[in-house]
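Protein chains in written order, with numbering that gives the first Met the number 0: chain R, 0 to 431; chain G, 0 to 431.
Watch out, some of these pointers could steer you wrong.
What the hints assert, rightly or not - Distance condition first, Cα-Cα at most 25 Å in a straight line; then the derived SDA-like pairs of lysine to any residue:
no., chain 1, residue 1, chain 2, residue 2
1, G, Lys262, R, Met0
2, R, Lys262, G, Lys262
3, R, Lys262, G, Ala59
4, G, Lys373, G, Val386
5, R, Lys397, R, Ala328
6, G, Lys262, R, Ala61
7, G, Lys373, G, Ala59
To be verified - For each label pair, taking beta carbons as the anchor points, the in silico distance ranges come out as:
no., chain 1, residue 1, chain 2, residue 2, range
8, R, Arg25, G, Ala59, 35 to 45 Å
9, R, Val195, G, Arg312, 18 to 28 Å
10, R, Arg73, G, Arg377, 35 to 45 Å
11, R, Ala61, G, Ala227, 48 to 58 Å
12, G, Ala66, R, Arg73, 28 to 38 Å
13, G, Thr370, R, Glu10, 49 to 59 Å
14, R, Arg431, G, Ala227, 47 to 57 Å
Keep in mind the hints are simulated off the structure, nothing from the lab. The model shown is predicted, which means the values in this text are computed figures rather than measured ones. Idealized CB from N, CA, C, for every residue including glycine.
Protein chains: 2
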Amino acid sequence: MAAVYIAAGWEPVAVFELFVRQLPSRRNYLVAAGLADALAYLETWRLTPDELGYLFDQPAMAPLGPAVRERFSRLSFTGQVEAVPEGTIVFANEPILRVTAPIVEAQWLETALLAIVTYQTMVATKAARLVHAAGRPVIEFGSRRAPGLAAGGSAARAAYIGGCIGTSNVEAGRRFGIPIYGTQAHSWIMAFPSEVDAFAAYARVFPERPVLLIDTYAVPRGTERAIAAWRTLGGVRIDSQPLAILARDVRRRLDRAGLSAAKIVASGNLDEYQITELARGKAPIDSYGVGTALVTSDDAPALNSAYKLVAIRQHEQLSPVIKLARAKATYPGAKQVWRRLTPAGRFREDIIGLSDEPRPAWRDIQPLLQTVMKDGRRVAEPERLAVISARVADQLTKLPPALHIVTRRSGYRVRYSEALSRVTRQCRREQR
Amino acid sequence: MAAVYIAAGWEPVAVFELFVRQLPSRRNYLVAAGLADALAYLETWRLTPDELGYLFDQPAMAPLGPAVRERFSRLSFTGQVEAVPEGTIVFANEPILRVTAPIVEAQWLETALLAIVTYQTMVATKAARLVHAAGRPVIEFGSRRAPGLAAGGSAARAAYIGGCIGTSNVEAGRRFGIPIYGTQAHSWIMAFPSEVDAFAAYARVFPERPVLLIDTYAVPRGTERAIAAWRTLGGVRIDSQPLAILARDVRRRLDRAGLSAAKIVASGNLDEYQITELARGKAPIDSYGVGTALVTSDDAPALNSAYKLVAIRQHEQLSPVIKLARAKATYPGAKQVWRRLTPAGRFREDIIGLSDEPRPAWRDIQPLLQTVMKDGRRVAEPERLAVISARVADQLTKLPPALHIVTRRSGYRVRYSEALSRVTRQCRREQR
C-alpha cells in the first residue's frame with residue numbers, strides 16, 4: 000500500500016481514528032489502555048536495513064524502482080496524535096486515538112497501533128470488572144497463561160491500570176514499577192521432602208509475615224501446618240475448589256489459632272462471575288489472584304477495534320471520507336468526544352462531534368481527546384502508571400451504577416452532534 | 000522460590016513436565032507448537048545486572064545474603080529437555096515437554112515455557128481446525144487483533160505450523176520465512192479520490208495479476224470496477240457479509256468478463272463454523288483470510304496448561320512426586336507417550352507410561368518424546384518451519400476422522416501404562 004502511494008505520487012496527509020465498533024455483549028464500557036506503548040512505538044519506528052532487504056527481495060516488489068526503497072529507508076513517524084488520556088473510560092465508536100500524518104506513515108502503522116491498544120484496553124477493562132466484583136484487592140497472576148511472554152508484561156501493565164494492586168510478573172514490576180506479589184507454586188511445595196519442610200524453609204528465609212500455599216495435598220492439614228510453621232503467619236493461599244467452603248474452614252482455623260490478622264488469598268481459574276458469587280456469599284477471602292481469565296479476557300477474547308481513515312488533506316483542502324460497506328460504515332471527519340456530566344459529576348452522556356466544531360454550550364462538559372504528539376514527538380513525558388490507575392478509579396466512580404453489573408448488559412448514551420450527522424449525510428450522498 | 004531453595008541448601012535435580020490438563024470442549028486434539036521458541040529462550044536465559052539490581056532492591060529480598068545474589072548472577076540453563084517434535088498432535092495429559100535440571104533453573108523457567116508453548120499450541124490448533132473446515136487455502140490475517148505486537152508474530156508462526164499457507168504479517172515473513180500475502184485495506188481504497196483511481200494505481204504498480212478489495216463502497220460496482228481496471232485481474236477480496244451471496248454474484252461477474260481464473264478471497268471475522276457453512280453451501284470462495292478468531296482462538300481462548308514437578312533426584316536417588324489437590328492431581332514420574340498405530344498407519348491409541356519402562360511389545364508403536372537439549376544446548380539445529388508444517392499435515396491425515404468435525408466433541412483413547420498406574424497408587428498411599 001505504501002509503495003503504491005509513493006509510486007502513484009498520491010501522498011496527501013491522512014487522518015485515521017482508532018476506535019471499537021461495538022462493545023462485546025459482556026462489556027458495558029472500556030478502559031482505554033496501551034497509549035503510552037503506542038506512542039513509544041511511533042517515536043522509535045524505523046525500517047532496519049535487514050527489513051528493507053527482506054522486503055525488496057520479495058518478487059512482488061520487483062516492479063518498484065530504487066526511489067521507493069530510498070523513501071522507505073528514510074521513513075519515521077512525523078505526524079500528530081490526539082488521544083484520550085490513558086485510563087479514560089470510553090464507549091463504542093469513540094476515538095481512542097487519532098493519527099494525522101503523511102499517508103504512507105499513517106497507513107503503515109495501523110497494525111502496530113491496533114495490536115498494542117486493543118489488547119491492553121481489553122485487559123484493563125477486564126481488570127476493572129474483576130476489581131469491582133471483588134470489592135477487595137485483586138492481583139494479576141496470569142503471565143503463565145498469557146498469549147506469549149511479551150503479552151504477559153503488557154497484561155500486567157493493563158491489569159494494574161484497570162485496578163489490580165499488582166502482579167506476580169517480576170519483570171513487569173521492574174519495567175513498569177508495578178508492585179509485585181507472589182507466594183509459592185505447588186511444585187515448589189512438592190519439591191521439598193514434606194509440606195512441613197517446605198513451609199519451614201520459606202518462613203526461615205522470609206520471616207516477615209509469610210504467605211503459604213496450603214492446598215498442595217489437603218487444605219485442613221495444610222492450614223494446620225502453616226499455622227504451626229510460623230507464629231506471625233501473614234496469610235495463606237487457597238488455589239482449589241470449593242473456595243467458599245474451604246475459605247470458611249481455613250478462616251476458622253486461623254482465628255482459633257489467634258491469627259485473625261492472617262489473610263486468605265484465593266486463586267485458581269477465577270473470573271468476575273465466580274468472584275461475584277463468592278462476594279455475595281460473603282466468603283472470608285481477603286484478596287484474589289486472577290490469571291487466565293484476566294490476561295485472555297476469556298468471556299470477550301477480542302474487541303472489534305478498527306483504525307479507519309476519516310479525512311484526507313491535499314493542498315490545504317481537508318476532505319472527510321467515508322466507508323459505506325454494510326455493518327462497517329464509518330463516520331467521516333476528525334472527531335472530538337464531549338463528555339457531559341451531571342451536577343453531581345457523574346457521566347451523563349457523550350457527544351461525538353467534529354473536532355473543529357464549537358464546544359457545546361452546556362456546563363460540566365469535558366473534551367476527551369488531547370494532543371499528545373506533534374511532529375512525531377510526545378508533547379509531554381509519559382504519565383506515571385499510578386496516575387493512570389487513579390484516573391480509572393476516579394472515572395469508575397462516576398459511571399452510571401448499572402454499567403458496573405458484570406452479569407447485565409447496560410447501555411450508556413452516546414450520540415452524534417448535529418454537525419457530524421450533517422457531514423455524514425453529505426458524504427454518503429456524494430459516495431452514492 | 001529460587002532464593003529459598005538456595006538459602007535452605009535444598010537443591011536437588013527436578014523433573015518438570017508441561018502438558019494440558021483437559022482439552023477445551025471445542026477441541027478434540029492439540030497441535031504442539033512453540034517448542035523452538037521455548038528452546039531458544041532456555042539457551043539465552045540470563046539475569047541482567049539491571050534485573051538483579053531491581054530484584055535485590057525489593058524489601059522482601061532484604062533478608063537474603065550476598066550468596067544468593069551471587070548465585071542468581073551466574074544462572075543459566077544447564078539442564079536437559081525432552082519434547083515431542085514441534086507439530087506433533089497431542090492430547091490431554093500428554094507431556095509436550097519435560098525439563099530435567101537443577102531445581103532453581105527448572106522452577107524459574109515455568110512462566111516463560113508455559114506462556115510460549117501454550118499460546119502457539121492454541122493458535123496452531125485453531126489453524127488446523129480452520130484449514131480442515133475450509134478445504135482450501137487459509138491465510139493468517141490477524142496481527143491487528145493479536146494480543147500485542149509480539150503475539151502477532153508468534154501467531155503467524157503457529158498458524159503456518161497449523162496449516163495456513165501464509166500470513167499478512169511481513170515481519171513474521173522475514174523472521175520465520177513464512178510466505179506473505181495481502182491486498183489493500185479499506186482505508187487505502189478510501190484514501191484515493193475514487194475507487195477507480197485506487198484500483199488503477201494499484202494495478203499499474205503491481206501489474207502481475209493484482210488482487211483488489213472490492214467492498215469498500217458497494218460490492219457489485221466494486222467488482223465491475225476491478226474487472227475494468229485490469230485485463231489480467233488476479234482476484235478480488237470480499238470482506239463483507241453475506242459472503243455466500245456476494246461471492247456467487249462476484250463469481251458470475253468475473254466469469255462473464257472472461258476472468259474465470261481470477262480468484263475470490265473471503266475475509267471478515269470468519270471462524271471455522273462460518274467457514275464450514277460456506278463450504279457446505281459450496282460458496283465459490285477460493286481462499287480465506289482469517290484474523291481475530293485465529294489469533295485469539297476465540298471459542299477456546301485459553302488452554303488449561305500446567306508445568307508440574309513429577310520427580311526429584313537427590314544423591315542419585317530419583318523419587319517421583321505427586322500433587323493430590325482435588326481436580327488437579329498429577330501423575331508422578333518422568334513419562335513417555337507411546338502412540339499405537341493401526342495397520343493402515345492411523346492413530347489407534349496413546350499410552351502414557353514411565354520414561355524408563357520397557358517399550359510396549361506391540362508393532363506399529365512410536366515414542367513421542369525425544370531428547371532435544373542436553374547441558375543447556377540443543378542437540379540439533381532448529382527444524383525448518385516447512386518440516387514442522389508438513390508433520391502436522393501428515394499427522395492430521397492419520398487422526399480418526401471424527402476428531403476433525405469442528406462442531407462435535409470426540410474423544411481419542413489415551414490410557415496409562417500399568418507401571419505408571421502402579422507408581423501413582425504408591426505415591427498416593429505414601430502422601431496420605
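Verification of the supplied hints:
| no. | hint | verdict |
| --- | --- | --- |
| 1 | G:Lys262 / R:Met0 | 20 Å, holds |
| 2 | R:Lys262 / G:Lys262 | 63 Å, violated |
| 3 | R:Lys262 / G:Ala59 | 18 Å, holds |
| 4 | G:Lys373 / G:Val386 | 23 Å, holds |
| 5 | R:Lys397 / R:Ala328 | 31 Å, violated |
| 6 | G:Lys262 / R:Ala61 | 22 Å, holds |
| 7 | G:Lys373 / G:Ala59 | 34 Å, violated |
| 8 | R:Arg25 / G:Ala59: 35 to 45 Å | 37 Å, holds |
| 9 | R:Val195 / G:Arg312: 18 to 28 Å | 21 Å, holds |
| 10 | R:Arg73 / G:Arg377: 35 to 45 Å | 39 Å, holds |
| 11 | R:Ala61 / G:Ala227: 48 to 58 Å | 26 Å, violated |
| 12 | G:Ala66 / R:Arg73: 28 to 38 Å | 53 Å, violated |
| 13 | G:Thr370 / R:Glu10: 49 to 59 Å | 56 Å, holds |
| 14 | R:Arg431 / G:Ala227: 47 to 57 Å | 19 Å, violated |
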